[in-house]
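**Student:** Sequence:
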Amino acid sequence: MPLFWRIFLLNAVVLITATALLLGPVTVSTPVLLTEAAVLTVGLAAMLVANALLLRVGLAPLQRLTRAMNTTDLLRPGQRPAVTGRGEVAELISTYNTMLDRLEDERATSSARALSAQEAERRRIAQELHDEVGQSLTAVLLQLKRVADHAPPELREELSPAQEITRSSLDEVRRIARRLRPGVLDELGLIPALKALATEFGGPGLTVQHRFGPDLPDLGPEAELVIYRVAQEGLTNTARHAGARRAGIALRRVPTGVELRVHDDGRGLGDVAEGAGIRGMRERALLVGADLTVGPADGGGTEVRLAVPVPVRGPAPVRVPALALAVPDRKH
1 MPLFWRIFLL NAVVLITATA LLLGPVTVST PVLLTEAAVL TVGLAAMLVA
51 NALLLRVGLA PLQRLTRAMN TTDLLRPGQR PAVTGRGEVA ELISTYNTML
101 DRLEDERATS SARALSAQEA ERRRIAQELH DEVGQSLTAV LLQLKRVADH
151 APPELREELS PAQEITRSSL DEVRRIARRL RPGVLDELGL IPALKALATE
201 FGGPGLTVQH RFGPDLPDLG PEAELVIYRV AQEGLTNTAR HAGARRAGIA
251 LRRVPTGVEL RVHDDGRGLG DVAEGAGIRG MRERALLVGA DLTVGPADGG
301 GTEVRLAVPV PVRGPAPVRV PALALAVPDR KH
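Note that UniProt numbering has the sequence shown beginning at 1, numbered continuously upward.
One or more of the hints may lead you astray.
[Claimed, not checked] As a list, the in silico EDC-like pairs of lysine to aspartate or glutamate whose alpha-carbon atoms are at most 16 angstroms apart: (1) K145 / E158; (2) K195 / E224; (3) K195 / E233; (4) K145 / E164; (5) K145 / E157.
[Said to hold, decoys possible] Taking CB as the label site, the calculated pair distances span: (6) R102 / A162: 56 to 64 angstroms; (7) V42 / N11: 13 to 21 angstroms; (8) T293 / A162: 44 to 52 angstroms; (9) R253 / E157: 51 to 59 angstroms; (10) P217 / R102: 27 to 35 angstroms.
What the hints contain is simulated information worked out from the structure, not anything from laboratory work. Glycine included, every Cβ here is placed at the ideal spot set by N, Cα and C.
With these hints in hand, go ahead and build the complete structure from the sequences.
**Tutor:** In structure tokens:
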């Protein structure tokens with residue numbers, strides 16, 4: 001039954017009941033007596049309460065749908081309001097759930113394309129920094145050394161700061177190139193890349209420890225890149241905003257796949273809203289169907305957990321070697 005007719009019939013039942021009472025035991029005289037006015041007031045209040053309760057019951061699924069619409073976040077997929085009610089209300093909730101499925105699929109596809117283009121651009125910029133700017137600074141550094149070797153002592157002292165600035169600039173360019181596209185991830189794999197990341201962020205003010213499980217499964221290049229980027233962003237937030245003295249990276253195997261854990265002993269998140277860095281981590285997690293949680297760590301600080309599922313692969317097919325059959329020559 002359509003929603004209009006359900007509400008109409010509910011109100012009609014209340015009005016018919018009130019009319020039947022007026023035609024039956026309840027009467028009104030002229031002028032209205034005090035007792036009759038009290039009875040009418042109580043009856044009107046009862047009608048209003050009954051009408052409000054009936055409307056509340058009939059419109060409750062729509063209110064739940066409104067709350068779901070206000071709290072839905074496409075970066076946290078899978079949240080769906082339960083299909084309750086009947087007729088048009090149930091159809092509306094089902095249509096909304098179907099729309100969420102389509103929006104999540106479209107967002108995942110567009111995010112994958114955008115992040116793929118971003119990684120390609122990072123790779124190009126890192127390559128240009130390494131090949132063009134890095135080689136130019138290396139040539140300048142060698143030229144300064146050659147000039148300093150043949151210069152008088154007083155001029156050699158003036159060239160020394162220029163050499164140090166050039167050497168520091170070369171190290172900074174190389175560091176930026178490594179952060180844009182870590183070559184160790186492509187060449188050596190995920191674990192050496194995470195160890196290099198911990199060494200890069202570690203220093204006098206921040207100690208970064210790492211712990212990796214011995215039986216990690218094969219994740220594939222996309223999942224490894226997502227894990228590396230999430231760890232990189234987590235340590236970047238720790239170094240910039242947490243004010244922490246200790247941080248850690250842990251990667252271990254779980255029944256559903258692998259779990260990355262980045263934690264620190266800093267000041268924590270507090271009431272600060274999620275920024276672009278955390279939302280970027282959530283978008284990357286969606287690319288591989290991972291679940292990302294960011295919250296307080298045990299004992300204070302912040303903890304980032306990334307649960308990456310590993311698809312179950314069936315046994316490899318048994319390959320039967322081909323047999324070379326010797327065919328005897330036939331003499332005609």
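**Student:** Hints first: check each against the structure and report whether it holds.
**Tutor:** Cross-check of the supplied hints:
The hinted pair formed by K145 and E158 meets the criterion: a straight-line CA distance of about 12 angstroms does not exceed 16 angstroms. Annotation: proposed proximity of K195 to E224 holds, straight-line Cα distance about 14 angstroms (limit 16 angstroms). Of the supplied pair hints, the one linking K195 and E233 holds, its CA atoms being roughly 15 angstroms apart against a limit of 16 angstroms. A hinted pair counts as satisfied when its Cα atoms are at most 16 angstroms apart, and K145 with E164 qualifies at roughly 11 angstroms.
Note on K145 and E157: the hinted pairing holds, with a Cα-Cα distance of about 12 angstroms set against a maximum of 16 angstroms. For the hinted restraint 56 to 64 angstroms between R102 and A162, the CB-CB distance of approximately 60 angstroms keeps it satisfied. Checked against the hint of 13 to 21 angstroms, the pair V42 and N11 passes, with Cβ atoms roughly 19 angstroms apart. At roughly 49 angstroms, the beta-carbon separation of T293 and A162 lies within the given 44 to 52 angstroms, and the hint holds.
For R253 paired with E157, a C-beta distance near 57 angstroms keeps the hint of 51 to 59 angstroms intact. P217 and R102 have their C-beta atoms about 32 angstroms apart, which keeps the hinted 27 to 35 angstroms range intact.
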